[in-house]
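Undergrad: Given next are the chains, with one letter for each unit.
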Amino acid sequence: MKTKHFQTELALLAGDDLSEAEATEVKRHLSVCPDCRAHLQKLQKSQEALGDFAANTATLPAIDLRSRVQKSLPTPAQIHRRHNLLHTWAPAATVIVACTLLFMVMGPDSNSTAPVDSGLTSNQITNHSGPRVIGTPVTYDPVHLDQLADPDPNQEVFMKQRSSEDSSANQIHFFEVP
Amino acid sequence: MRTVTDFPSKIDQTKPLEAGTNDARLVEEVRRGNSDAYGELVERYQHRMLRVIQRFISDQDLAQDLAQEAFLRAYEKLDQFDPSRRFGPWLFRIAVNLTMDYLRKLKRRGRWMLFSESPADQTPDPATSDPRLHHDLSQEVHTILSEIPEKYRTVLVLRDLENFSTSEIAAILERKEATIRWRLAEARNQFQAIWNKRQAEHEAAESIEDV
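Going down the list, the protein sequences come from chains D and U.
Under this note's numbering, the first residue of the first sequence carries the number 1, and numbering increases by one thereafter.
Under this note's numbering, the first residue of the second sequence carries the number 1001, and numbering increases by one thereafter.
Note that these hints are calculated values from the structure, not bench results.
Heads up, some of the hints might be wrong.
Unchecked claim - Straight-line distance between alpha carbons at most 25 Å, and here's what the computed DSS-like set of lysine-lysine pairs gives:
no.: 1; chain 1: D; residue 1: Lys4; chain 2: U; residue 2: Lys1176
no.: 2; chain 1: U; residue 1: Lys1077; chain 2: D; residue 2: Lys71
no.: 3; chain 1: U; residue 1: Lys1151; chain 2: D; residue 2: Lys45
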């Protein structure tokens, strides 16, 4: 368990990556923990292999990137044009993506449980088996119905609740969609 | 048992980034339109950058193309460089990101190999006393590195093969130094575990052959 606890410190110690104070503390532990000493030895061996590998593969063939790069350097005008293109299209693309995402999130959802007018949720309305009841009930007078069927262009067609003197037997109920 | 102080110090194969140099002055000249100053920066960093890229992609032509591309991108983004910070880590961040992007693209295409050419195809270094030993070591290290996850492998390569300091690696990879130290320790422990396992397997195989 102790070795597990010290694994990070031991790995850093093996590569000389601990501060003096940290190293002293770990070395103090090493003097009393044979498991950690054994683990450090293994780490040192693998570090040696890495060091040998690094030394053997450090040499590179002669190269001249300077002339290659200098030949390919874009002119200030080319850089300016690229920046302009980026600054024009990047915000436009961002807006398009944002709008698409917004539509996907806020668009019609038959499973939505958000409440709508009349106290029902859109989910309840969709799954309602009986006649659809949407909106506020409005009572029409039969006289007005005639007007609706054959409207007089000079007279304003309006919907209003039946006046109190009409009998309830003659009432026809519709629902005004808000 | 060998003590900690007996352990050989890290090979001094590279100088710290920007030691004794004045990159800021050159960057300022480039910004004023002096492309020769940029040529000087390229010359200053080309070998180290190429070697870093070749740690991940051993195809020399491809590594040179990526290094060239990294220098060109750095030039185009020079107006975004904060002169109060160090130029070296900023430049190597571009190069490492470019290399990692390339490797990820290859991986997505399903024809990824960590070190794009097989170690078996590499020419042995004639300076090595026993080229076969060098070849075996290279192959072994290549194989083990390819088994370590990318985020640990990158830190291990930059620290133990390229000798960047942990603060430089933190700047290159845009992570906190504490994160880099933790990843480095994890990478070394993983490397050690695989290394020892494979060594034990080789020894067991050799003893069977001897019998």
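Undergrad: Work down the list of hints and note, for each, if the structure agrees.
TA: For each hint, the structure was consulted:
no. : hint                : result
1   : D:Lys4 x U:Lys1176  : 23 Å, holds
2   : U:Lys1077 x D:Lys71 : 18 Å, holds
3   : U:Lys1151 x D:Lys45 : 23 Å, holds
The structure agrees with every numbered hint stated previously.
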